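Protein chains in written order, with numbering that gives the first Met the number 0: chain P, 0 to 256; chain F, 0 to 204.
If you are wondering where the hints come from, they were derived from the structure by calculation, not from laboratory data. The structure presented is a predicted model; accordingly, all values stated were derived computationally and were not measured. For every residue, glycine included, the Cβ atom is placed at its ideal position computed from N, Cα and C. Don't take every hint at face value.
As the list claims (entries may be wrong) - Coverage of chain F stretches by chain P, computed from C-beta distances (three or more under 8 Å per stretch; other residues unrestricted):
hint	segment
1	10 to 21
2	110 to 120
3	128 to 142
4	186 to 192
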Amino acid sequence: MIAKRIIPCLDVRNGRVVKGTNFEGIQDVADPVEMAKYYNDTGADELVFYDITASFEGRGLFTDILKRTAAQVFIPLTVGGGINEVSDFERVLSCGADKVSVNSGAIRDPSLIDRAAKRYGDQCVVLSMDVKRVDGQFRIFAKGGRVDTGIDALQWAHDGQERGAGELVVNSIDTDGVKQGFDLEMLAAMAKQVTIPIIASGGAGKMEDFKTLFEAVPQVDAGLAASIFHRKEVPLPDLKRYLAEQGIPMRILREEK
Amino acid sequence: MIAIIDYGVGNLYSLSHSLSFLGIENKVTRNPEEIMAADKIILPGVGAFGDARQKLRETGMDALVVQKAKAGAPLLGICLGMQLLFQKSYEYGEHEGLSLLPGEICPLKEDIPGSLKVPHIGWNGLRILGDSPLLRGIQEGDSVYYVHSFYAKGAGDAVKAASEYGVMVPGLVQQGNVFGAQFHPEKSGPVGLKMLKAFGEDSLC
Numbered sequence: 000m001i002a003k004r005i006i007p008c009l010d011v012r013n014g015r016v017v018k019g020t021n022f023e024g025i026q027d028v029a030d031p032v033e034m035a036k037y038y039n040d041t042g043a044d045e046l047v048f049y050d051i052t053a054s055f056e057g058r059g060l061f062t063d064i065l066k067r068t069a070a071q072v073f074i075p076l077t078v079g080g081g082i083n084e085v086s087d088f089e090r091v092l093s094c095g096a097d098k099v100s101v102n103s104g105a106i107r108d109p110s111l112i113d114r115a116a117k118r119y120g121d122q123c124v125v126l127s128m129d130v131k132r133v134d135g136q137f138r139i140f141a142k143g144g145r146v147d148t149g150i151d152a153l154q155w156a157h158d159g160q161e162r163g164a165g166e167l168v169v170n171s172i173d174t175d176g177v178k179q180g181f182d183l184e185m186l187a188a189m190a191k192q193v194t195i196p197i198i199a200s201g202g203a204g205k206m207e208d209f210k211t212l213f214e215a216v217p218q219v220d221a222g223l224a225a226s227i228f229h230r231k232e233v234p235l236p237d238l239k240r241y242l243a244e245q246g247i248p249m250r251i252l253r254e255e256k
Numbered sequence: 000m001i002a003i004i005d006y007g008v009g010n011l012y013s014l015s016h017s018l019s020f021l022g023i024e025n026k027v028t029r030n031p032e033e034i035m036a037a038d039k040i041i042l043p044g045v046g047a048f049g050d051a052r053q054k055l056r057e058t059g060m061d062a063l064v065v066q067k068a069k070a071g072a073p074l075l076g077i078c079l080g081m082q083l084l085f086q087k088s089y090e091y092g093e094h095e096g097l098s099l100l101p102g103e104i105c106p107l108k109e110d111i112p113g114s115l116k117v118p119h120i121g122w123n124g125l126r127i128l129g130d131s132p133l134l135r136g137i138q139e140g141d142s143v144y145y146v147h148s149f150y151a152k153g154a155g156d157a158v159k160a161a162s163e164y165g166v167m168v169p170g171l172v173q174q175g176n177v178f179g180a181q182f183h184p185e186k187s188g189p190v191g192l193k194m195l196k197a198f199g200e201d202s203l204c
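Using the sequences provided together with the hints, build the complete structure.
Below is the structure:
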């Protein structure tokens, strides 16, 4: 049986892993290469690296970190942030990424999804979206969740799949950083729109939130979180053991003698 | 030295990184002399079968791979590279494979319940069905990482390990010196690394 995936997300700024709350209050946490290695060794099912660098120098630093990470991480590695052109796919794939996540770049020009999927295959293209409720509608927000695009999120997800996205990362701005659980209502609505894997993001605060996620919305394939893993408020190996005990299909690393 | 065949499909960096991490000498190449001189061959690949088959033909890599395999050099096909080793594929039409393994590549969608998603993406446990040097140290239930929409049918005894996804999906196949992994060993954590290490051993077969 296929396992549900647990995915730590590493937001990298100027060479360090950081995590903000509700898209503000950024603070330094740790070295991304060491952290990636730790997750690789302790049972993460995949890693997401998000480049939140604004400067040109920062971008170079990021690709260097990516290369060093890829050399010692043997689980799928998804990279996002600053992906605006097909050439950006090439830039991060050549550093060792396996999948590339597009967000604002696809909002500016949705054909980026089609072009990248045609060139690298659907499995390589992850459509990431920041969603917030506005007037009873799920809307796509841009620029790190600050700008309402007016785009209907359910339609956007559907169109993204049609264009060739291979997976969706759905982040709820309403629940992100609040630590009261995933946005089950929004995720259930999203699951009706697409057949590609859905990675849920935003809101996890404790182990039970993941159990509730996978039980309440069985179409969700993976749960993504950042600070709760980084600060070990929810230690990743404990979470996976707990979920396996609760009957959620999990990949558990075997102790080597 | 292991030659990783570069014929213009997919991302070969992580595969090469994994082998280097294990201390196994390897080179991503499309140079016929380097390939002929290599001890072992890895045929990678992602994307569509027809497109990859055509690129193999255009670069002349298909004849080289078959020649090396027939001469007894260990060959490992990964993901689409594994599918290419079979006789035929029904992915968007009908395409001839390299016919180094018996069987055909068929759409998962037609054989599994509609409730299961296609592609089959993620970690799935292995059921051990036969002996293979690549399964040394691998246990029933160990998980590997899959990304695919088509699967091998009719491979018979060549199937050494499989994963359940509505049907039994052949994960690891082998016949003599020809090996194939439907999953990505280079992305399958310690389990995958063990298999790559075994493929790199001098005493493989």
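Hints, verified against the model:
no. : hint       : verdict
1   : 10 to 21   : holds (count 7)
2   : 110 to 120 : holds (count 5)
3   : 128 to 142 : holds (count 3)
4   : 186 to 192 : holds (count 6)
Of the numbered hints listed earlier, not one is contradicted by the structure.
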